[in-house]
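Student: Here is what each chain is made of, one letter per residue.
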Amino acid sequence: MKISCTAVLLSAFGFASFAAQGAEIAEDQSQILTRPDSPASGRYFRPPLEREIPDNAFGKLVQEGRAIFVDTKNRAPEYVGNGLSCGNCHLEQGRRANSAPLWAAYTMYPAYRKKNDRVNSYTERLQGCFQFSMNGKAPEAESRVIAALTAYSYWLAMGAPTGQELPGRAYPEVPPPAGGFDLAKGERIYADQCAICHGADGEGQKAGENYVFPPLWGADSFNWGAGMHRINTAAAFIKENMPLGKGGTLSDEDAWHVAAFMNSHERPQDPRLIDGSVEKTRDKYHANDGVNLYGMVVNGRMLGQGVE
Amino acid sequence: MILRYGPIAGIFLVCAVHAQAPADVYSRGGANPAAVACASCHGAQGEGMEAGGFPRLAGLPADYIKKQLADFASGARANPIMQPIASALTREEIDTLAAMLTAQAYPEVAPVGKGAEVQELGETLALRGAWDRNIPECVACHGPGGRGVGEVFPPLAGQPAQYLAAQLIAWQQGTRTNDPNDLMGHIGRSLTADEIEAVSKYFAGLKK
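Read top to bottom, the protein sequences are chains C and Z.
Take the first sequence: its position 246, counted from the start at 1, is 246 in the working numbering, and no numbers get skipped.
Quick note, the working numbering runs 1000 ahead of the 1-based positions in the second sequence.
By construction, these hints were calculated from the structure, which means they are not laboratory data.
Straight-line alpha carbon distances no greater than 27 angstroms define the calculated DSS-like cross-link-like pairs of lysine-lysine that follow: (1) Lys246/C to Lys206/C; (2) Lys284/C to Lys114/C; (3) Lys73/C to Lys1207/Z; (4) Lys1207/Z to Lys1066/Z; (5) Lys73/C to Lys115/C; (6) Lys1066/Z to Lys206/C; (7) Lys137/C to Lys115/C; (8) Lys73/C to Lys246/C; (9) Lys1067/Z to Lys246/C; (10) Lys284/C to Lys115/C; (11) Lys137/C to Lys280/C; (12) Lys73/C to Lys60/C; (13) Lys206/C to Lys1207/Z; (14) Lys1201/Z to Lys1067/Z; (15) Lys206/C to Lys1201/Z; (16) Lys60/C to Lys137/C; (17) Lys246/C to Lys1201/Z; (18) Lys206/C to Lys137/C; (19) Lys206/C to Lys73/C; (20) Lys284/C to Lys137/C; (21) Lys206/C to Lys1067/Z.
In this text, all values refer to a predicted model and were calculated from it rather than measured experimentally.
With the sequences and hints as input, model every part of the structure.
Tutor: What follows is the structure in structure tokens.
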């Protein structure tokens, strides 16, 4: 499995610009880069315990938000267009440090995001998750779903300082392999470490109607606009959190190879598609968005066509 | 002469057929006498035997059953009772047993998942995990209600508590090492005795 020459060149260019952005990235909350030498676990903010949720109207809304977060497809079905739950990428119900915890996100909004080129409220940030990661429809700002998820985020962040980038935020950045990523190696790692849960073709696994193991590509996965479509973001997530319960066991290189393999497959179209053109969409939204394969030719096919 | 030997030949023929028929391997044992009848410990219908801690087999995934029998034989899943039995079963007997057992229904269980609220230690482990020790929610792999997922992640709901606890202890002690990528081994090694008891009772109690 090889990427075409064009793709390699573009990919190398993409990475160079990604690295160069490091200094100014704090301005932009589209893609959060956390240094790999993150502090020891004792220094992470500790969100309140679930049993401390107050027994009142606020507490009920918090509990409702928590339930939506881990069972999104069933509890907010009108806004979810795939088989995922928020909790698939934010482990331990959005509590876990280095797994994009909600307590570290909530306190950073409102914030500018290059992704949509404006200052976003936390509500808009949540709406973005539904539009891209959940390949669905943004819940209305006044909806119960937004109210509940906001209450849950706020409750998790109670006691955390506002406007400070907290340790354990996002996923710790993983340095890319010196020789670039290798899709063939990624395919082997996937077969050895991932397929047992996520399926031989990334299709996930269900119990009854519900996905237990999330689909990683294809029609029921996140779309081309989701942050996880970036290989650098996926590598960081995988290194820290996968295989489930065995985070930190893959090498940096292997995390990149397997992330690249995952993201070299077709998935639902970026809802920001411009004039039906993958090229135009790549130029505007993907060319400077970390390392990604949208609009690249892999195995003779241009990625980014989307799947229904 | 012909009349005298006819019935004897007929009896032999019937015996040979019996040894390969799935229901009979289950209830009477395999061709090799060491392959004793499954039913003597796992119940007449494969429903398991709670008092002895013998697990339910009816409704388990076929590939899971075949893998466990192979692993008993090889010792990857060390078990002094099952080792000689699994070793004495022929491949055909194993295939027919797995097909017969998987065709039976597993009891319906409410699909309680991570969205549910928790109180007790067992359900907390099952639905929340213990992430400070990298222990995922049991339902994250075994499915809501512990109903099992696919061919690899077996159902836990309704299995005898004694059986479930024995497996967790076997992973903890390294006498069961046949889980893919040590996925259960590292969990078993991280659980306390109280947690093992509580989570085993939780899943054992999930039956209608």
